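Line by line, the protein sequences are chains A and B.
Under our numbering, think of the first position of the first sequence as 1, with each following residue one higher.
Under our numbering, think of the first position of the second sequence as 1001, with each following residue one higher.
If you are wondering where the hints come from, they were derived from the structure by calculation, not from laboratory data.
No experiment lies behind these values; they were computed from the predicted model shown.
Backbone N, C-alpha and C define an ideal beta-carbon position, used for all residues, glycine too.
Under 8 Å between C-beta atoms, here's a sample of chain B residues computed to sit facing chain A: (1) L1161; (2) S1171; (3) V1179.
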Amino acid sequence: MNETNGSAPMIELEKTVKRFGTFTALHGIDATVQEGEFFSLLGPSGCGKTTLLRLIAGFENPTSGSIRIAGHDMRGIPANKRPTNMVFQSYAIFPHLNVAQNVGYGLKRRHLSRREMAREVGEALEMVDMAGYERRAAHELSGGQRQRVALARALVMRPKVVLLDEPLSALDKKLREQMQRELRDLQRSIGITFVLVTHDQEEALIMSDRIAVMFEGRIAQMATPEELYRRPASRRVASFIGVMNFLPARATGETQTGLVVQIESLGEVVLPSHTIPAGLRVDDIREVGIRPEMLTVIFDDAPGPRHSFEGQVSGNSYYGDMTYYDVVLPGSERTVTISMRNTANRAVVRPGNPVRVGWSAESILLFRQED
Amino acid sequence: MTRLSSNWLAVYAIIYMIFLYAPVVLLPLFAFNDATIIALPLSGFTTAWFEQLWGNQTLRTAAINSLIVAISSAVIATLLGAFAARAAARYSFPGKTGIIGLIMLPLVLPEIIVAVALLVALSQLGLSLALWTVVVGHVLICTPFAVAILSSAFRGLDRELEEASFDLGESRWGTFRRVTFPLVLPGVISSLLICFTISLDEFIIAFFLTGTDVTLPVYIWSQLRFPARLPSVMALGTILLVLSILFLVLGEWMRRRAARRQGQDAAAGGAMTGVA
Chain A
1 MNETNGSAPM IELEKTVKRF GTFTALHGID ATVQEGEFFS LLGPSGCGKT
51 TLLRLIAGFE NPTSGSIRIA GHDMRGIPAN KRPTNMVFQS YAIFPHLNVA
101 QNVGYGLKRR HLSRREMARE VGEALEMVDM AGYERRAAHE LSGGQRQRVA
151 LARALVMRPK VVLLDEPLSA LDKKLREQMQ RELRDLQRSI GITFVLVTHD
201 QEEALIMSDR IAVMFEGRIA QMATPEELYR RPASRRVASF IGVMNFLPAR
251 ATGETQTGLV VQIESLGEVV LPSHTIPAGL RVDDIREVGI RPEMLTVIFD
301 DAPGPRHSFE GQVSGNSYYG DMTYYDVVLP GSERTVTISM RNTANRAVVR
351 PGNPVRVGWS AESILLFRQE D
Chain B
1001 MTRLSSNWLA VYAIIYMIFL YAPVVLLPLF AFNDATIIAL PLSGFTTAWF
1051 EQLWGNQTLR TAAINSLIVA ISSAVIATLL GAFAARAAAR YSFPGKTGII
1101 GLIMLPLVLP EIIVAVALLV ALSQLGLSLA LWTVVVGHVL ICTPFAVAIL
1151 SSAFRGLDRE LEEASFDLGE SRWGTFRRVT FPLVLPGVIS SLLICFTISL
1201 DEFIIAFFLT GTDVTLPVYI WSQLRFPARL PSVMALGTIL LVLSILFLVL
1251 GEWMRRRAAR RQGQDAAAGG AMTGVA
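Construct all of the structure, not just a fragment, from the sequences and the given hints.
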């Protein structure tokens, strides 16, 4: 995870603001992308992630603040003079040119000989597993092939940064998952900085070294996928990344080992000090969160986790490898979602049956009230 | 029931076709007929009327005038149309719908109104009538067609294609030359051909706005007074008919080719359906 350690910053955004008329798309973005990093901008549509990517590419100019790429201020430098290349959402394959002409499009200005050109194009196509497709016409390509050609066309320019604007959103699920792995492996092997825009949290988690989660023109959290999932900075980030169960809770006191929290239906629990986020005021705690996989249905009477409760299954969704249960909490109308890995000797619990659910204090996340 | 109604539909379609095209078919028929009187039965085959056309000095001047007017009108209307279509496809600005509507209005304005209005305006300005005044009138009626044809060409041009070119290091001009222009070129040619055809056989505006230099349709009209010259008018009409059909088919073919290049459904948003 720490491949970026010790390398230089590639993209530095400082108080970057973008306004369109009276609408503020970006409210002062501060972020640094390291050289060789796979960095994702993740957020719902309209959060400003694409605007930020277009600012880096040079298609838009920031209203204020600065953008530096490889140490150079990009103010006044248009897209065609920047060391960045983009893979567009629509792929933007030139329809009147064949694959080789598409990939070689940007090289034409570099005045290479015919042989050098063909070699560069061939190498780029090889990289994306499209060798031998040089003479194919644009309209003969499938969605996945277009995506590869668009990537080759960017890579052949040897950019310092490749920008990807939701490049996989038009592909079907299977192909998308395959391309996610391929794209990540390719990026790792060539070591070029990638900045990916996506609204798909799973995609961001799978591919990225680091992710910036954006809401309404602001970065809500910037962290590694693991940190983002395990320690979301806010309730909003927590519910955007994966599934999270929220339960009302209050801090009732402090002991030497941690914080005493009263959780609705689950009772009082001591949360170890190291799990409490710095800067969280104890009085502000209104809710706790717990991930579905941190709750366990206890199938036998073996000694389970320290804490448990009796609930009733109100519904289940069977996914083959996993089963998701909705479990009604004791003395409450509230349900929580529990995910269980299916095993050979474990039957799926039908709705209506009681279950014992185990959990541990370490998996409890604290949230304050947000508006 | 279905059979019966489809039979009737077929009969209706055939009658309709006869009504549309029978008079047009008469034109070449009499153009090759060996008689000065336009009447059936046909008496024999001749190409004499075409030969007579060739030797006619006034007609040749009129033909050259028409070519000058049609080419100028087509080029100017296509140029203006390209600007309007580009703006309509790419930018949003206040009053856009209204402005585009005003540009398209001459399509439905009676030509005689346009002709009289232009005549009054020109004489108020103290300008004398000449070929260029006909060009002005023709540009006015051709521009809506050019806008309609080029709009479909520019709309099919994905904005990301131009951005991709720019992103790959190409300049604005280079992007226009290597991406924008090749992709809209078939649309431009289609617009040129259709505007040329419209101008070539336009009569009312030409009649009102021409000075001493007549265009072909005006010449034809003037010849109708002399029954003896009718067969050669028929011959001239035949030539114009064939040229018009040729250009229109060529124009539509170019437009569809452009649409195919851009990966659109060729039949959708056709120039002619867009206009109607």
